[in-house]
Amino acid sequence: MESCDFLDLLKERGLLPAAPVAAAEASLQPVEGTTIIAVRCADGVVVAGDRRATMGNSVVYDRADKVLIIDDEAVMAIAGSPAVAWDIARMLEMSVQYYRRSQLQGLSLDGKVRTLSRLLRQNLPLAMQGIGAVVPIFAAFDHAAAEGKIFFYDLLGAEFECVDFCATGSGAHIVRGALYYQNRWGPQPLREMAGEQAVELVLKMLETAAEYDTATGGFREAAHIFPQVVQVTAAGLNTVPEADLAAFYQGA
Amino acid sequence: MLEEPYRWVEAINNRREYVEDQLASGSPVVGTMYADGVLLLTATPGPRKLFEVYDEIAFAAVGHPADIEKLRKAVIDIAHLEGFNLSANDVTLQRLVSFGIGPLMKAAFDELFRSPFVARVMMAELDPDGGGDAFFTIDADGSFAQSGGAAAISGNAESAQAMTAQLQTVSPELPLDQALGAALEVWGLGRLTLDARDGEVPSAEAVRDFLKGGLQGLTVEAAVLDRERAAKSKFRLLSAEQLAEPLASYFEV
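Listed in order, the protein sequences are those of chains A and B.
Counting from 1, one number per residue, gives the positions in the first sequence under this note's numbering.
Counting from 1, one number per residue, gives the positions in the second sequence under this note's numbering.
Just so you know, the hints here were simulated from the structure itself, not pulled from any lab data.
All values derive from a computational prediction rather than experimental measurement.
Don't take each hint at face value.
[What the hints assert, rightly or not] Mimicking EDC-like on lysine to aspartate or glutamate, the simulated pairs with C-alpha atoms at most 16 Å apart in a straight line are:
1) Lys149/A / Asp72/A
2) Lys232/B / Asp71/A
3) Lys149/A / Asp110/A
4) Lys232/B / Asp55/B
5) Lys232/B / Asp90/B
6) Lys232/B / Asp72/A
7) Lys149/A / Asp43/A
8) Lys204/A / Asp244/A
9) Lys149/A / Asp164/A
10) Lys232/B / Asp127/B
11) Lys232/B / Glu93/A
12) Lys212/B / Glu185/B
13) Lys149/A / Glu192/A
14) Lys149/A / Asp71/A
15) Lys11/A / Asp77/B
16) Lys106/B / Asp141/B
17) Lys106/B / Asp67/B
18) Lys73/B / Glu2/A
19) Lys149/A / Glu159/A
20) Lys73/B / Asp8/A
21) Lys73/B / Glu12/A
22) Lys11/A / Glu82/B
23) Lys149/A / Glu161/A
24) Lys70/B / Glu2/A
25) Lys212/B / Glu245/B
26) Lys73/B / Asp5/A
Construct the entire structure; sequences and hints are all you get.
Set out below in structure tokens:
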């Protein structure tokens with residue numbers, strides 16, 4: 001049987017982006033100036049990310065898209081080197097589409113999780129040099145289990161499934177404590193929150209992270225900069241429109 | 001012996017006859033524009049015949065199932081490599097046909113030591129840039145033709161011609177349920193013309209009677225490229241339930 005793997009096709013045609021080999025004294029320096037949050041709620045998962053891209057102490061861009069849509073039911077959110085991350089997201093998206101179209105059936109959730117893992121492993125030489133590290137969160141709706149699922153990855157491509165919530169990036173440690181508190185002692189566990197409440201919660205968390213982490217961008221209405229929030233539900237993906245986000249900030 | 005030009009021409013002609021013969025019983029495929037995009041319709045006894053190639057590009061074929069699969073795979077490969085290296089906007093039907101599948105089929109047809117593709121292909125694109133043609137048809141020998149806002153492929157030329165002629169009377173602005181009915185009538189015409197030995201085009205009544213008699217084990221298959229679909233991919237295969245109501249009146253006994 002012919003291969004149904006888009007990565008094999010790229011390799012066969014010599015089009016697979018090649019990572020340079022790591023230098024001898026390479027050291028692992030995670031540079032992930034950002035905050036990405038994923039929370040499991042009653043109707044699926046809410047994934048959110050700020051929009052700031054940094055290089056050392058400088059803010060280089062304030063409208064970076066870090067929550068990337070893979071297909072009708074999955075998103076990938078990224079912390080780390082944007083160039084590599086966008087390439088990985090693109091390859092993942094194309095792999096999923098290519099599989100679905102050529103095999104006439106969708107790639108399973110496990111298959112998608114595994115494909116992302118392989119892509120990260122392939123990126124290891126760049127990550128080892130401290131310039132191309134990517135630490136993504138992958139969130140999807142699992143129709144078989146009728147619930148949303150969140151996976152996070154380490155630099156080597158190992159995947160871990162999160163139970164309640166997950167945060168990554170330089171601002172993650174700030175919101176992780178707050179999310180734990182909310183889940184354990186808040187009015188209700190995160191899993192029982194309605195989708196809208198969960199959207200509100202992640203926006204508050206992003207603002208908290210932006211307050212204490214310089215690499216996390218905040219909301220700026222004058223400049224029309226809003227975080228990215230995507231709801232992953234049984235009905236598909238919903239990118240929360242900026243008007244709704246603006247309404248939230250006005251109400252808060 | 002094949003070095004002699006005459007022999008080569010003779011061999012190619014034999015091959016053309018062989019391919020025509022193999023294709024002769026192929027169930028027609030109808031393609032037309034409708035209010036929300038592009039509609040493809042056929043009726044088959046078995047494997048699927050209407051496929052998605054890329055976000056806004058669809059593929060259908062008449063012929064040997066294994067050859068259809070090979071062509072489908074080839075064109076999906078080309079489309080995805082282009083889409084990955086450039087962008088989705090650069091994956092256009094015109095390029096896929098004239099630089100991809102056309103030369104591929106022509107090469108297989110001309111090389112006498114390889115087997116030709118026993119297939120006729122129709123490809124469609126939703127709203128091509130610059131108002132280009134929504135349909136292309138590609139014959140087994142690799143010759144391709146743009147065919148505007150409607151197209152037909154079938155087992156033989158008479159059947160395809162009769163269908164193409166009737167498609168000229170189908171408005172490209174029909175809502176989906178009406179377009180499905182019109183496409184089914186064109187399919188019926190193509191199917192009856194295939195069976196008519198004398199090449200005579202059957203009347204509209206004959207087509208309706210034929211459809212009313214049921215499709216003798218064939219199942220209607222229809223797919224759309226729907227510009228109203230929210231996802232990037234505009235292709236949608238219509239389910240049996242979605243087809244039942246619009247086509248119910250054609251099958252009443």
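Hints, verified against the model:
Between the alpha carbons of Lys149/A and Asp72/A the distance comes to roughly 15 Å, so the proposed pair stays at or under 16 Å and holds. With a C-alpha separation of about 9 Å, the suggested pair Lys232/B and Asp71/A falls inside the 16 Å cut-off, and the hint holds. Between Lys149/A and Asp110/A, the direct Cα distance comes to roughly 11 Å. Compliance with the 16 Å bound is thereby established for this hinted pair. Taken as a hint, the Lys232/B and Asp55/B pair is honoured in the structure, with Cα atoms around 6 Å apart against an allowance of 16 Å.
Among the hinted pairs, Lys232/B with Asp90/B is consistent with the structure: their alpha-carbon atoms are about 15 Å apart, no more than 16 Å. For the proposed pair Lys232/B and Asp72/A, the alpha carbon gap of about 9 Å is at most 16 Å, so the pair holds. Pair hint Lys149/A plus Asp43/A holds up; C-alpha atoms about 11 Å apart against a cutoff of 16 Å. At most 16 Å may separate the alpha-carbon atoms for a hinted pair to count; Lys204/A and Asp244/A meet this at roughly 14 Å.
Only pairs whose Cα atoms come within 16 Å are accepted, and Lys149/A paired with Asp164/A is accepted, the gap being roughly 9 Å. Annotation: proposed proximity of Lys232/B to Asp127/B holds, straight-line Cα distance about 14 Å (limit 16 Å). Restraint check for Lys232/B and Glu93/A: satisfied, since their Cα atoms lie roughly 12 Å apart, inside the 16 Å limit. For the hint pairing Lys212/B with Glu185/B, the CA-to-CA distance comes to about 11 Å; that is within 16 Å, so the pair holds.
The hinted pair formed by Lys149/A and Glu192/A meets the criterion: a straight-line CA distance of about 15 Å does not exceed 16 Å. With a C-alpha separation of about 15 Å, the suggested pair Lys149/A and Asp71/A falls inside the 16 Å cut-off, and the hint holds. For the proposed pair Lys11/A and Asp77/B, the alpha carbon gap of about 13 Å is at most 16 Å, so the pair holds. For the given pair, Lys106/B sits about 5 Å from Asp141/B by alpha-carbon distance, which is consistent with the 16 Å threshold.
Restraint check for Lys106/B and Asp67/B: the C-alpha separation of about 14 Å stays at or below 16 Å, so the hint holds. For the hint pairing Lys73/B with Glu2/A, the CA-to-CA distance comes to about 9 Å; that is within 16 Å, so the pair holds. At roughly 12 Å between alpha-carbon atoms, Lys149/A and Glu159/A fall within 16 Å of each other, so this suggested pair holds. A C-alpha spacing of about 14 Å is found between Lys73/B and Asp8/A, which places the hinted pair at or below 16 Å, so the restraint holds.
Proximity of Lys73/B to Glu12/A is assessed by CA-CA distance (about 15 Å); at most 16 Å being required, the pair is judged to hold. A distance of roughly 15 Å separates the Cα atoms of Lys11/A and Glu82/B; the hinted pair therefore holds under the 16 Å criterion. Taking the CA atoms of Lys149/A and Glu161/A, the gap is about 7 Å. The hint holds against a cut of 16 Å. Taking the CA atoms of Lys70/B and Glu2/A, the gap is about 10 Å. The hint holds against a cut of 16 Å.
Restraint check for Lys212/B and Glu245/B: the C-alpha separation of about 15 Å stays at or below 16 Å, so the hint holds. Using a Cα cut-off of 16 Å, the hinted pair Lys73/B and Asp5/A holds, with the two alpha carbons roughly 12 Å apart.
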